[in-house]
Amino acid sequence: MTDATLPAALRIAPLVEGDVSLGGLDDTVRTWSEKTPPRSWYIAITITSLVALGGFAAIGYMLYTGIGVLGNNLPVVWGFLIINFVFWVGIGHAGTLISVILYLFRQRWRNAISRIAEATTVFAFMCAMIFPAIHVGRPWLPYWLIPYPNQRGMWVNFRSPLIWDVFAVLTYFSVSLMFWYLGLIPDLATLRSTTKSRFKRVVFRLLSLGWVGNAWHWLQYEKAYLLLAGLTTVLALSVHSIVSMDFASSMVPGWHMTIFPPYFVVGAAFSGFAGVVLVFAFVRTAMHLEEYVTPRHMDLLNRMVLFLSCVMAYAYLMEGFTAWYSADPYVKYVFATYVFGGQWWAGWLTITLNCILPQLLWFPRLRRSVPIMVIVSAGVTLGMWMERYTIIVLSLKRDYLPSSWGGYLPTPVDWAILIGSVGFFLTMLLLFLRKLPVIAAWEVKPDIVYYQKQRTEAGHV
Amino acid sequence: MSDRVFGVLGLYRDADALLAAIPEVKASGFTRLEAFTPYPVHGMDEALDLPKSMLGVLVFLMGALACVSAFTFEWWTSTVSYPLRTAGKAMNGWPGWVLVMVEATILVSTFTAAFGMLFVFNKLPFFGNPMLETDALPAFTRDRFALVVMSGRGRLDVEAAKAALRAAGGDALEVIPEPERVRASAGWWMRTVVGLVTVCFLAGYGMDWATRTYPTVRPMVNMEVQPRLDPEAPDAFFANGRGMQRPPDGAVARGYLPILAATPEDAGKELVDPLPVTAAVLARGRHMFDLHCAVCHDRLGTGKPWLDSTYQAQPVDLQSAPMRDAADGFLYWVISQGIRTMPGYAADISQDDRWAIVRYIRALQRSQNATAEDVK
Numbered sequence: 000m001t002d003a004t005l006p007a008a009l010r011i012a013p014l015v016e017g018d019v020s021l022g023g024l025d026d027t028v029r030t031w032s033e034k035t036p037p038r039s040w041y042i043a044i045t046i047t048s049l050v051a052l053g054g055f056a057a058i059g060y061m062l063y064t065g066i067g068v069l070g071n072n073l074p075v076v077w078g079f080l081i082i083n084f085v086f087w088v089g090i091g092h093a094g095t096l097i098s099v100i101l102y103l104f105r106q107r108w109r110n111a112i113s114r115i116a117e118a119t120t121v122f123a124f125m126c127a128m129i130f131p132a133i134h135v136g137r138p139w140l141p142y143w144l145i146p147y148p149n150q151r152g153m154w155v156n157f158r159s160p161l162i163w164d165v166f167a168v169l170t171y172f173s174v175s176l177m178f179w180y181l182g183l184i185p186d187l188a189t190l191r192s193t194t195k196s197r198f199k200r201v202v203f204r205l206l207s208l209g210w211v212g213n214a215w216h217w218l219q220y221e222k223a224y225l226l227l228a229g230l231t232t233v234l235a236l237s238v239h240s241i242v243s244m245d246f247a248s249s250m251v252p253g254w255h256m257t258i259f260p261p262y263f264v265v266g267a268a269f270s271g272f273a274g275v276v277l278v279f280a281f282v283r284t285a286m287h288l289e290e291y292v293t294p295r296h297m298d299l300l301n302r303m304v305l306f307l308s309c310v311m312a313y314a315y316l317m318e319g320f321t322a323w324y325s326a327d328p329y330v331k332y333v334f335a336t337y338v339f340g341g342q343w344w345a346g347w348l349t350i351t352l353n354c355i356l357p358q359l360l361w362f363p364r365l366r367r368s369v370p371i372m373v374i375v376s377a378g379v380t381l382g383m384w385m386e387r388y389t390i391i392v393l394s395l396k397r398d399y400l401p402s403s404w405g406g407y408l409p410t411p412v413d414w415a416i417l418i419g420s421v422g423f424f425l426t427m428l429l430l431f432l433r434k435l436p437v438i439a440a441w442e443v444k445p446d447i448v449y450y451q452k453q454r455t456e457a458g459h460v
Numbered sequence: 000m001s002d003r004v005f006g007v008l009g010l011y012r013d014a015d016a017l018l019a020a021i022p023e024v025k026a027s028g029f030t031r032l033e034a035f036t037p038y039p040v041h042g043m044d045e046a047l048d049l050p051k052s053m054l055g056v057l058v059f060l061m062g063a064l065a066c067v068s069a070f071t072f073e074w075w076t077s078t079v080s081y082p083l084r085t086a087g088k089a090m091n092g093w094p095g096w097v098l099v100m101v102e103a104t105i106l107v108s109t110f111t112a113a114f115g116m117l118f119v120f121n122k123l124p125f126f127g128n129p130m131l132e133t134d135a136l137p138a139f140t141r142d143r144f145a146l147v148v149m150s151g152r153g154r155l156d157v158e159a160a161k162a163a164l165r166a167a168g169g170d171a172l173e174v175i176p177e178p179e180r181v182r183a184s185a186g187w188w189m190r191t192v193v194g195l196v197t198v199c200f201l202a203g204y205g206m207d208w209a210t211r212t213y214p215t216v217r218p219m220v221n222m223e224v225q226p227r228l229d230p231e232a233p234d235a236f237f238a239n240g241r242g243m244q245r246p247p248d249g250a251v252a253r254g255y256l257p258i259l260a261a262t263p264e265d266a267g268k269e270l271v272d273p274l275p276v277t278a279a280v281l282a283r284g285r286h287m288f289d290l291h292c293a294v295c296h297d298r299l300g301t302g303k304p305w306l307d308s309t310y311q312a313q314p315v316d317l318q319s320a321p322m323r324d325a326a327d328g329f330l331y332w333v334i335s336q337g338i339r340t341m342p343g344y345a346a347d348i349s350q351d352d353r354w355a356i357v358r359y360i361r362a363l364q365r366s367q368n369a370t371a372e373d374v375k
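Going line by line, the protein sequences match chains S and X.
No gaps in the numbering here: position 23 of the first sequence is 22 in numbering that gives the first Met the number 0, and each next residue is one more.
No gaps in the numbering here: position 259 of the second sequence is 258 in numbering that gives the first Met the number 0, and each next residue is one more.
These aren't lab readings, by the way, just hints derived from the structure by calculation.
Take every hint as true, because none was put in to throw you off.
Beta-carbon label-pair distances, calculated as ranges:
no.: 1; chain 1: S; residue 1: H287; chain 2: X; residue 2: A26; range: 44 to 50 Å
no.: 2; chain 1: X; residue 1: G337; chain 2: S; residue 2: T64; range: 49 to 55 Å
no.: 3; chain 1: S; residue 1: W143; chain 2: X; residue 2: L195; range: 33 to 39 Å
no.: 4; chain 1: S; residue 1: F362; chain 2: X; residue 2: W93; range: 47 to 53 Å
no.: 5; chain 1: X; residue 1: R217; chain 2: S; residue 2: F339; range: 46 to 52 Å
no.: 6; chain 1: S; residue 1: Y332; chain 2: X; residue 2: L60; range: 50 to 56 Å
no.: 7; chain 1: S; residue 1: M317; chain 2: X; residue 2: K88; range: 28 to 34 Å
The beta-carbon is built from N, C-alpha and C at its ideal position, and this holds for glycine as well.
Produce the complete structure using the sequences and hints provided.
Right, dumping it as structure tokens:
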């Protein structure tokens, strides 16, 4: 049974295109690792690393001068740094969701994109973890968050959501780093056997731990992969739930809601998928991955963005409904300020970019158009940042007592740290694309064999 | 290189060819087979009679252990080691601990899955694998599939194995020699141990020397170094160069009015208890009495000190008749100025608190010498 017997409208495009082979995939995977990358790579990394250095300089200035150089103050005590933290943690959910949840659902199209998605997760979490560490008032003491035996005879408060957050974020980062490395081992083994550089052979030999692809090893490996997929799914869903509890377990009107955990998880998945679309829109053509990351892949990713956009719209509506149904004048007032207050544009930007703009993706042609998907996913990325801005700043500045109301104005240092974190993320991503296999070759190879077989059969028909 | 044989390798075009070859080679009488593939090939476990992976059991056990440990740890820190009541919740409020238990369970079980697979079951890292030295290595990690007839303790009919592999469709046949196992000599061990010990000593003494020679780097000192005046610190602002100025002569601190009476008897005639008659005053008096007076005069004022006999002073029995008859002002004067070996408390206890103590002494005296009138 092949697709060739079906009418054209019902045919599903294969997940690989063109004249592909197992060896050809290995050569594609290490394009930039074995050959000189194009000049644009050098230009890009120069810019991004300078931006990252600027961001780190701003962080250094903030640490040296004091946290007063930032815009946050009473009552808006959580400013850009916490917005950026939640934003990057959200982006960091893409890798796990694509790599793990889609794996459990046997979605084979995730094979070609999982590696870059996992890398996105690792780098986004590196960005995210900077922010809480530098946001504490005494940045030389954040290790106090870890419960370790100490001379003070004190322990952390395990009932505090901030401590749950420490556990969730550190667990998630270490597990996603390990998961990423685990997936890399067979591909590093391939690189080790084929690379021409002596230095790389030594490095890859060590990193691939002597992997030779023994059938017994593969059996264990797949078992571990399945176990990790199941466990990491729980982890991914728990992490942003816990981040949301930093907010939901406080008494601030607009934060104290039971909808927050699922609402944050959906938001994280949404921004994560948009981030992956954005990365692939550029990487696909820059690295000539079109044969393995086909328009069908982009189409499916965009469908996920569209689906999650609709769930987001539902979550926003339910949030508003909860505020109205609570009959609590403070909560109702804060929600009114989201869309009709002094910073009404923040709320409307959130709704427009997250719920209205992605509706373009209902059209199949637009789902496959690179400019449209870049606009939509960039819009979603910005929109999700605005959502966190709305939740954090607009709720805090209108607390219960009008006497404690205040304003918030970010300073240039705030902006520099935010933009610097984007530069750091892109620098890490560019280095990854340059040095490591960008596609999980061992996962895509069976797909290639499957479609080759299908094509041969079709030829016989 | 020894002339012992590790195995004979044949390469196959694709996974189907490999799966078809395995039973054929087996039929030729070779049962110790291993397959090497660039990606996991399903059906290989049945073809090669591979046992089931026990990884799941290990992961479950470690995950359960982590869950229980996390709970125990949270219970112990929150209720035994550092009981700190927050938000009016019970000390052993376990619902708040669940999320940390979840994260700890996931952390330990995922790392058990990964490291258990790599280190325990697959015995990696292993760089002495003869397969790493074969010419076919680039092929079977890329797009070819290798089948190896393994030798049992170095004994293998190489030609027969080659023939069997070729008959099953294999090519690029390769005899893999058993690698030479070189035992480390005593000299090697000597050099290694001496070298490691030297490195440790040098590193330790280097750190010690560095920390003694160079001052500790203290980044961000702005919490310690502040534009503020510490007590007793000099300052150029005043003519006398002191940062902390003495109060002007004759200044009286609030709540610490000096007593003008020269003797306790005079004070007894002149001073009157200024406090209102309330339960709060008595409670305050009791608190201050227990804090400052009870250690010598006892909680009931009987004058039996809690201190042992090396403490020579003999405090006055406040229940004695002279003390019961003494005026309020008399007691107030004694508390303030001290008498015999008792020091004055004017600098430590405020005026109102001293009067509250007097009031409480009165209550104590009445309680210990109650009459039938008192209970009517």
